[in-house]
Amino acid sequence: MKKTEAHITVQNLTMAYGSYVIQRDLNFAINHGEIFVIMGGSGCGKSTLLRHLIGLIQPSAGRILYDEWDFWNSDPGERELFLRRIGILYQSGALWSSMTLAENVSLALEEYTDFSARQIREIVSYKLALVGLAGFEDFYPSEISGGMRKRAGLARAMALDPEILFFDEPSAGLDPISSHRLDDLILELRDSLGGTVVVVTHELPSIFAIADNSVFLDAETKTMIAQGNPKILLAESKDQKIQEFLRRGVK
Amino acid sequence: MEHLKKDQMIHIERSESGALLLKLSGPWTLKEGLYPVSEVEAALESNSGVKALSFDAKDVSDWDSGFVIFLREIARLCSQKNVAIDDAGLPEGVRKLFRLATAVPVADTHDDPMASSLLTRIGDISIRLTKTWSDSQAFIGEAFLSFLRLLRGKARFRRTDLWTLIEEAGVQALPIVTLINFLVGIILAFVGAIQLQAFGAEIYVADLVAIAVVREMGPMMTAIIVAGRSGAAYAAHISTMVVNEEVDALKTMGISPMDFLVTPRLLALTLMMPLLALYADFVGMLGGAVISQSMLNVSFSLYYTQTIAALNPIHFLLGLIKAVIYGGLVALAGCMTGMQSGRSAAAVGAATTRAVVNAIVLIIVASAVTTIIYTLFGL
Numbered sequence: 001m002k003k004t005e006a007h008i009t010v011q012n013l014t015m016a017y018g019s020y021v022i023q024r025d026l027n028f029a030i031n032h033g034e035i036f037v038i039m040g041g042s043g044c045g046k047s048t049l050l051r052h053l054i055g056l057i058q059p060s061a062g063r064i065l066y067d068e069w070d071f072w073n074s075d076p077g078e079r080e081l082f083l084r085r086i087g088i089l090y091q092s093g094a095l096w097s098s099m100t101l102a103e104n105v106s107l108a109l110e111e112y113t114d115f116s117a118r119q120i121r122e123i124v125s126y127k128l129a130l131v132g133l134a135g136f137e138d139f140y141p142s143e144i145s146g147g148m149r150k151r152a153g154l155a156r157a158m159a160l161d162p163e164i165l166f167f168d169e170p171s172a173g174l175d176p177i178s179s180h181r182l183d184d185l186i187l188e189l190r191d192s193l194g195g196t197v198v199v200v201t202h203e204l205p206s207i208f209a210i211a212d213n214s215v216f217l218d219a220e221t222k223t224m225i226a227q228g229n230p231k232i233l234l235a236e237s238k239d240q241k242i243q244e245f246l247r248r249g250v251k
Numbered sequence: 001m002e003h004l005k006k007d008q009m010i011h012i013e014r015s016e017s018g019a020l021l022l023k024l025s026g027p028w029t030l031k032e033g034l035y036p037v038s039e040v041e042a043a044l045e046s047n048s049g050v051k052a053l054s055f056d057a058k059d060v061s062d063w064d065s066g067f068v069i070f071l072r073e074i075a076r077l078c079s080q081k082n083v084a085i086d087d088a089g090l091p092e093g094v095r096k097l098f099r100l101a102t103a104v105p106v107a108d109t110h111d112d113p114m115a116s117s118l119l120t121r122i123g124d125i126s127i128r129l130t131k132t133w134s135d136s137q138a139f140i141g142e143a144f145l146s147f148l149r150l151l152r153g154k155a156r157f158r159r160t161d162l163w164t165l166i167e168e169a170g171v172q173a174l175p176i177v178t179l180i181n182f183l184v185g186i187i188l189a190f191v192g193a194i195q196l197q198a199f200g201a202e203i204y205v206a207d208l209v210a211i212a213v214v215r216e217m218g219p220m221m222t223a224i225i226v227a228g229r230s231g232a233a234y235a236a237h238i239s240t241m242v243v244n245e246e247v248d249a250l251k252t253m254g255i256s257p258m259d260f261l262v263t264p265r266l267l268a269l270t271l272m273m274p275l276l277a278l279y280a281d282f283v284g285m286l287g288g289a290v291i292s293q294s295m296l297n298v299s300f301s302l303y304y305t306q307t308i309a310a311l312n313p314i315h316f317l318l319g320l321i322k323a324v325i326y327g328g329l330v331a332l333a334g335c336m337t338g339m340q341s342g343r344s345a346a347a348v349g350a351a352t353t354r355a356v357v358n359a360i361v362l363i364i365v366a367s368a369v370t371t372i373i374y375t376l377f378g379l
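Chains as they are written, first to last, in this note's numbering: chain A, 1 to 251; chain B, 1 to 379.
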């Protein structure tokens, strides 16, 4: 896979369920090492776009390239290798409920690495400590709070030191303080690990706090209507929808 | 024009400018009932050329949602007749709620008239059935490939999960398997006893119970119990994982949900079903022996000797083959409906119901097919 400035390139992407088009003609690039936010109102297709980016849904038209490598035009073996290099934090955390937090984080390590059981335990302990869950290794997802589940989901997403981290509505269901802490954690992880981060959210404080770049999806016109740093969009965009959306976050 | 309904009052006047004025008084609350708009409608009909409608509500003593619902209906009528509404005469709170309730036009969510036509419905059902059929084929194909990976030692699942599933499907099912199959043995013995007593051939109850239980009823009743326990549990567990995005998390980690979720369940049931069926056979025959002893005065030792004479290893083998098939079908039905479920709490319930119904239908069909095949081969 050739390294380019753009880590992920979306070309003429159309997303549809059957004949029902959700978004069309999406064109944008996500650069290496940046925090990229996919924003827009409810129901505009943000999470659907994320599901396309992580290979869960095949595009109806267009392409998604990762360093010029096309996921859907590759064989299953290559796709599997690619999936090991990304980490995803789902909206609900999506922890496997029948496993402890340690087992959730260790599964990928057990499947894809040759580390010994002791080494895996150490890595798991470190990953859980990174997200502030040291000591919770033997807890089941049902025994911890929603915010802790999200952080445990993040520890699992980071298990294999992914090149790209995807977040689906990380602040959803969290109180403002937990949400703020998660934003700080995302920034710290990006700064320390240097990976690319893609976040789907409509939480304006988060958007302004973490985004280097963004794309705005519009449900009405079914396409993207703006791209750029949200602060610059707020200052310079003449689009009424963008202003209406972003102004809500300005105190 | 005046109307009295309990204490609510409405008086409709027409001003010189051609506008209608609704003078409202009394309590306008839900407790008083919803006031009909028929009078206002009649007034709008009889006063052609009305361009505006206003309110005088200073004598309204009390109001709640009932008042706003009445006003919303008035707004709907006015909208149809192109009559403008002036809400200045309404109390401020009512005005705010009324504006909020009429801010967004009613969305057209009615079905396309074409969609309700018979031909369209037949088409929709055909498409759905075709999709279900092709999805089922794809699932069975993937399960088969996953099973091949298992045989080559390449299927990825946790061995601890397999042991847990084996324990749940096997040991934990023993009490209910015991109860049901003991009762089945009793029922078969009762039915046989009544018929055979007429010929003085009570001893052959042992033959009837042994062959019926070992070849058919033992595996079948056990499979139905397993469908209700394990099949339903598999569907509920997997569909809940679908709802919680846990299956997506597996996929995006490059781990096949087929390997991780379906194969261990398929393996657990195909391993446990023959063992449970064998156990069920003995419990069923024990039930028959109890009835023979108590009703027909056939001693346990005589019953035992007669049973041994009636059975041969082929009978057990044929029953066990059926048990393996049933186990596979129950696991497939449970896992398939779970994996294909929607992403809502209701979908979990629907998947569970479908899993049990599908499993029982498949068990009965498989029983019929295997019995016919056995008969054709003279077994």
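Treat the hints as calculated values from the structure; they're not laboratory data. Please note that a few of the clues may not be correct.
Said to hold, decoys possible - Heads up, simulated BS3-like pairs for lysine-lysine below, C-alpha to C-alpha not over 30 Å straight-line: (1) B:K96 to B:K31; (2) B:K154 to B:K81; (3) B:K131 to B:K31; (4) B:K96 to B:K51; (5) A:K222 to B:K251; (6) B:K131 to A:K222; (7) A:K241 to B:K96; (8) B:K81 to B:K51; (9) A:K222 to A:K238.
Note that the structure is predicted; figures quoted are calculated from it, not measured.
Hint-by-hint comparison with the structure:
no. : hint             : in the structure
1   : B:K96 to B:K31   : 21 Å, holds
2   : B:K154 to B:K81  : 72 Å, violated
3   : B:K131 to B:K31  : 52 Å, violated
4   : B:K96 to B:K51   : 23 Å, holds
5   : A:K222 to B:K251 : 28 Å, holds
6   : B:K131 to A:K222 : 28 Å, holds
7   : A:K241 to B:K96  : 25 Å, holds
8   : B:K81 to B:K51   : 9 Å, holds
9   : A:K222 to A:K238 : 19 Å, holds
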